[in-house]
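A.B. asks: The lines below spell out each chain.
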Amino acid sequence: MTGSERAAPAFLTPVFRGQRFEGHGIPLDVLPDLRVYRDLVLELAKVLFLKNNPTRRRVPKGFGDSLRLVLTELREGSAVAVLTRDVAPPEQALLPNVSKDVFADARDLINECVRAAAEGRSVPDSFPRELLGAFDGFGRHLKNDESVELRPPGEDCGPCLGFKERKQLVLLTRTDYRAEVELVGRAVAIGTDKSDFRIELDSGRVVTCPLDARSEREITAAIQDRTRLRVRVEGTGRFDRADTLGRVEQIDELETIDTLEERLRELSALPDGWLDGGGTRISPQNVEKAREILDQLLGGGVNPMPHLYPRPDGGIQAEWSFPPWEVTLALDFAVQKVVLEASDVSSDEEHEEELLFQDQALIEKLRSFLMSCRSDGQGS
Amino acid sequence: MTTECRHRLGPLLSDPRELLWRQVHPGFIHDGRVSSQAFTPTPKDEGLLSVARESLTTAKDAFRHHVETLGFASAGVMAVSVGECLDASLNSYDQPLPHNPAHAIVDFRALSDKQTGKTGRKLAALARSRGFVYQQGS
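Same order as they appear, the protein sequences are chains A and B. Take 1 as the starting number for the first sequence in our numbering and just add one per residue. Take 1 as the starting number for the second sequence in our numbering and just add one per residue.
These aren't lab readings, by the way, just hints derived from the structure by calculation. Take these hints with a grain of salt, some might be off.
Using 27 Å as the maximum straight-line C-alpha spacing, the simulated BS3-like pairs for lysine-lysine come out as follows [as the list claims (entries may be wrong)]:
#1 A:K289 <-> A:K337
#2 A:K46 <-> A:K100
#3 A:K143 <-> A:K164
#4 A:K100 <-> A:K61
#5 A:K365 <-> A:K337
#6 A:K337 <-> B:K114
#7 A:K365 <-> A:K289
#8 A:K46 <-> A:K61
#9 A:K51 <-> A:K61
#10 B:K44 <-> A:K337
#11 B:K114 <-> A:K289
#12 B:K114 <-> A:K365
Predicted model, so just to flag it, every value in this text is computed and none were measured.
Please work from the sequences and hints to get the whole structure.
C.D. replies: Right, here's the structure in full:
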């Protein structure tokens with residue numbers, strides 16, 4: 001440092017806590033929150049300035065430029081960011097009619113607001129209600145079990161902003177709030193203007209997500225092959241007061257999952273003794289045979305995708321529920337046979353069929369058997 | 001448990017409303033759906049499906065005994081009633097064990113392999129409609 005330089009004091013030391021911050025770094029995904037914080041300080045400082053100077057109608061020229069916050073340091077201890085002001089307070093004070101450090105006042109008022117939320121108190125009257133919505137953005141990229149401590153200069157602790165505090169502050173003036181969301185389900189439709197698509201979750205709820213041109217082909221494929229393809233979405237969702245997700249507002253990550261491949265991978269990873277000491281592992285050759293048969297069945301129009309389970313003898317069992325029919329398809333690799341059994345659980349009616357793997361019409365016979373059960377129900 | 005122990009059965013369970021807790025191995029769950037195999041005895045079970053009695057233990061305690069005392073895997077507890085077993089032509093018997101006085105069995109021994117599979121499908125469907133009666137964290 002030269003003689004004319006001096007170390008700028010920290011304006012704020014945000015301490016990020018949670019699993020993602022244990023490596024003492026801050027994921028890039030979270031950095032936009034600091035920009036929202038800077039904007040909130042600036043907006044609040046404007047309000048405070050005008051309140052302190054009732055004769056002024058607007059803030060002085062250059063007011064906004066006088067708050068340039070920069071991330072100057074990352075320290076250990078979860079992830080400790082140090083935000084300093086590029087323009088130090090004495091220079092800032094040279095702005096006409098700005099004799100008071102309103103930016104520091106804004107920082108302190110934000111801290112007081114967060115502290116009040118954490119302690120279940122009312123937010124200070126001096127905090128403008130129209131700015132509470134900023135908390136919809138500040139802290140939005142934190143996961144529900146993460147928080148940021150807003151440590152002011154010269155202090156070794158500060159108020160913590162987590163999911164609970166953020167939601168509480170936002171809902172003081174709004175009816176919903178935004179938060180990180182991760183969904184897995186089946187893509188069922190694309191909107192008529194192709195600006196959104198809908199995912200059906202396992203609970204049966206359908207959620208609307210935004211669609212961009214890059215993802216359109218992937219989503220179209222997932223809709224066409226919804227028997228086996230599921231879609232995983234990570235992004236920002238809008239939730240109501242009861243924490244019910246209304247819609248997904250922004251997608252950060254979109255992935256298509258081949259559920260057949262995913263399940264076969266899980267089954268092939270089972271070791272010998274998987275069933276509390278018993279249970280034979282499923283050999284790679286047998287997993288491959290199962291893939292071949294199931295792939296052809298699903299490709300031949302059988303749906304939905306069956307639930308797949310290991311058998312203690314090293315086989316694989318596919319099951320469907322087509323109420324009132326309960327159907328099992330057992331792949332017995334030792335004797336190279338498929339055993340199909342269907343029970344009507346509301347009566348004693350029973351169907352069964354045994355087919356050899358080498359049967360030329362194996363897939364057609366399996367398909368026909370399954371479709372005859374499906375005529376009574378949609379299946380699951 | 002020796003074969004002799006397994007086959008020494010106590011009194012027939014007679015209250016059709018009594019629920020029988022059945023541990024579900026994690027391998028028998030896919031996307032939240034429980035396989036009919038969870039309600040079908042494996043060859044080593046010799047036709048006797050182990051359960052625990054509602055009148056003598058809770059589903060939670062049965063789970064803890066299975067996982068913590070016996071060291072076995074369980075994804076949770078499902079249930080069928082004594083009456084549902086009777087409807088499927090299965091008797092249930094008290095079979096207290098020194099470390100597990102609530103232990104009971106559902107007797108599949110009179111059934112053929114095909115009948116066993118069919119009955120397992122029926123009991124699993126009944127248990128699924130009831131849902132898990134206990135899962136860790138619930």
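A.B. asks: Run every hint past the structure and note whether it holds.
C.D. replies: Hint by hint, here is what the structure shows:
{"no.": "1", "hint": "A:K289 <-> A:K337", "in the structure": "holds (11 Å)"}
{"no.": "2", "hint": "A:K46 <-> A:K100", "in the structure": "holds (12 Å)"}
{"no.": "3", "hint": "A:K143 <-> A:K164", "in the structure": "holds (11 Å)"}
{"no.": "4", "hint": "A:K100 <-> A:K61", "in the structure": "holds (16 Å)"}
{"no.": "5", "hint": "A:K365 <-> A:K337", "in the structure": "holds (13 Å)"}
{"no.": "6", "hint": "A:K337 <-> B:K114", "in the structure": "holds (15 Å)"}
{"no.": "7", "hint": "A:K365 <-> A:K289", "in the structure": "holds (17 Å)"}
{"no.": "8", "hint": "A:K46 <-> A:K61", "in the structure": "holds (12 Å)"}
{"no.": "9", "hint": "A:K51 <-> A:K61", "in the structure": "holds (17 Å)"}
{"no.": "10", "hint": "B:K44 <-> A:K337", "in the structure": "holds (22 Å)"}
{"no.": "11", "hint": "B:K114 <-> A:K289", "in the structure": "holds (24 Å)"}
{"no.": "12", "hint": "B:K114 <-> A:K365", "in the structure": "holds (20 Å)"}
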